[in-house]
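Colleague: Letter by letter, the chains look like this.
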Amino acid sequence: MNAFIEKLRLRMPRPEASRAERSSSPFWVMVQKEFGDHIRSWRFIILLAIVTLACIGSIYTAVTAIKEGQAGDTSFLFLQMFTISNGALPNFLTFLSFLAPLIGIAIGFDGVNSERNKGTLSRVMSQPVYRDDFLNAKFVAGLLLIAVVVFSLGFLVMGVGLFTIGYPPTPEEFWRVIASLLITVIYVGLWLNLSLLFSVRFRQAATSALSGIAIWIFFLVFYGMIVNLVGSATMPSNPMNTDAILRQQDWMMLLERISPAYLFQEAASTLLLPDTRTLNPFITQDQAYLAIDAPLSFGQSLLLVWPQVVAIIAETVLSFAASYVAFMRQEIRSRS
Amino acid sequence: MEQAVIELKRLTKQYGEFTAVAGLNLAIRPGEIFGLLGPNGAGKTTTILMMLGLTEPTSGTAEVCGIDATRNPMQVKRRVGYMPDDVGFYEDRSGLDNLVYTARLNGIPAKDARERAAELLERVGLADAAGKKTGAYSRGMRQRLGLADVLIKRPEVIILDEPTLGIDPEGVRELLALIRDLSRNEGLTVLLSSHHLHQVQQICDRVGLFVGGKLIACGDLDTLSRELDGGPSHAVELDVTGWNAELASSLAALPEVNSVEAADSDALVGGGAGAKGRGIVTVRVTSTSDVTPLLAARVIEQGASLVGLRPLRYGLDDIYHRYFEGGDSGERVH
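Residue numbers (the numbering used here), protein chains in the order written: chain A, 1 to 336; chain B, 1 to 334.
Don't read these hints as lab results, they were simulated from the structure.
All figures in this text were calculated on a predicted structure; none of them were measured in a lab.
No residue lacks a Cβ here, since even glycine has one placed at the ideal position from N, Cα and C.
A couple of the hints might just be wrong.
Chain B side only, calculated, beta carbon under 7 Å to chain A, not exhaustive [to be verified]:
(1) Leu54
(2) Met74
(3) Arg78
(4) Pro84
(5) Asp86
(6) Val87
(7) Gly88
(8) Tyr101
(9) Asn106
If we strip away everything but chain A, and leave its shape as in the complex, we get:
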């Protein structure tokens, strides 16, 4: 308790504390070091190479699709840079939703256990450093790095797109891209957290990496199948019973939306495709025919995906809390 109060006091911004003083608190020192370690590591270079390739591929496929005239109407031509594909390669959004978990897992999977195995954890912990600061620093440094990567990629696609199609984005389109990049960062943050949890839990880096990848593949491949299976098993017997069918579909939707990958897909595609008016599978005939067929404004799109964003953040917080609890209760011995 005392330690907690002392910590609160330290966290309080003192008026006389200069910027330099604050930046040298152990927490920021650790963040700085982690960030430096990530940037210098081979793993990061490899990741960057993969992601850059994916990005170039998606630009290529989008540009050829636009040139072939697949774009249809040109109202949000710039956004179609991110969502359109000529069929040969996936578009940017698909690439991102596919690679984002990989980035998160790759950055976090050996965060804690490698320090434990190298014997540096007990050394750092015997310094006047809070245990939670150690975990927070790992997370913040990873998230910063992810933000840098995701945003630089997004801007790269924007820049190259501008250069090749010569069609500037409207401010709304710009903000839509920024918002979806932000959501991507949050989504990668979730995977980073999950892999940090595994790195706290498992002593071997390989085990924790595999667990992370297993969960990724589970949500990518199997989860949808399982939900479908459950869906067909619980299908109401009477096809005329509208209420029962609606209720069952709602349940299926809820199940589907447990998967962070699905949430991200919904959130990002709604933001990048302004024509998406609802995320519900069912609309009434009145809604379908009477609504004016016009894209949503940015604010409305954001409002539409807000629950998805909150759900992703909630899942992130949940896995962070789990790693927190696991780490706080662990005994720190050297190399064991």
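Starting from the structure of chain A, add chain B where the hints point.
Modeller: Same frame as chain A, now just chain B:
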């Protein structure tokens, strides 16, 4: 008596059914070098972790510099330098970087940290390797870097867990000399744990014998030897040529002598088989008082020749063995 720097009161740590440390009481005075001695798994490291607040005791208190380590680990960690056994460093960073990082975690500004790190590297003899990545350091170098790492926060107490493990004898000598230097010149209190007796013996003011989570003996070497034997006792080893039963009984007839028994001659000292070939027999004579001159005279009177004569003093080694012979070795946890 001075206020103790480290004070453990009825400290207990249990892991489920297993008791790692049982009701430990210990006080360490300022400026002393205390050796915590015990076999693997005796609970040494657990005790140290509790002193730093890295593990919570099941019951009892650990106070360091008058601060409760369980409740205020941050303040304790500011004053105490801890070197874990098998200390690890960030291997893709240089030795200097590693030290600077530790210093900055302690809130030392970057510029001062660099200066201090360079100074300490000089002191532990790693100035040449300062820019080298620690992944390329040898074991001995890592251990010395560990010492520098402990000292960079200018601690009042340093706790070294198995500091001499795995380094060569020369390295051990240097490291211990360094530790002793620090304690004597800067008044640092040092607690070191080890299962290497000779080394602890060389530099410690006091030692505690720690077995199965209990401190079974504590004190300086003399106290321990006295506790061990239950009374003053002397032992002399004689190397004799022309040994015979007559001589043996004549020695045993001396009123002060308790026992006369043949001892294995030290292979290295006596030259092994060569010594036996020359008919040298080594005998150990224990007595209640010092009868060394008398023994020498007897040997010569009997017409045998005395090749060597060594009064034996109990080293920590013997004490250690005595203690551990007593207990069932099967109980020890590894």
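Colleague: Double-check Gly88/B for me: the hint is only fine if its C-beta lies closer than 7 Å to a C-beta in chain A.
Modeller: holds (3 Å)
Colleague: Would you check whether Met74/B satisfies its interface hint, that is, whether its CB is within less than 7 Å of any CB in chain A?
Modeller: The hint holds - Met74/B has a Cβ within 7 Å of chain A, the shortest such distance being about 5 Å.
Colleague: If you take the shortest Cβ to Cβ gap from Val87/B to chain A, is it below 7 Å?
Modeller: holds (6 Å)
Colleague: Please verify that hint: Asp86/B, Cβ, nearest Cβ of chain A, below 7 Å or not.
Modeller: Cβ of Asp86/B sits 6 Å from chain A, so the hint holds.
Colleague: Is the hint on Arg78/B kept, meaning its closest Cβ partner in chain A is under 7 Å away?
Modeller: holds (5 Å)
Colleague: Against chain A, is Tyr101/B within 7 Å by beta-carbon distance?
Modeller: Hint on Tyr101/B: holds, closest Cβ of chain A at ~6 Å, below 7 Å.
Colleague: Once the shortest beta carbon distance from Pro84/B to chain A is found, is it less than 7 Å?
Modeller: Nearest chain A Cβ about 4 Å off; hint holds.
Colleague: Go through the hint on Asn106/B and say holds or violated, using the shortest Cβ distance to chain A against 7 Å.
Modeller: holds (6 Å)
Colleague: Does the CB of Leu54/B sit less than 7 Å away from some CB of chain A?
Modeller: Given a least distance of 5 Å, the restraint on Leu54/B holds.
When each numbered hint is compared with the structure, no violation occurs for any of them.
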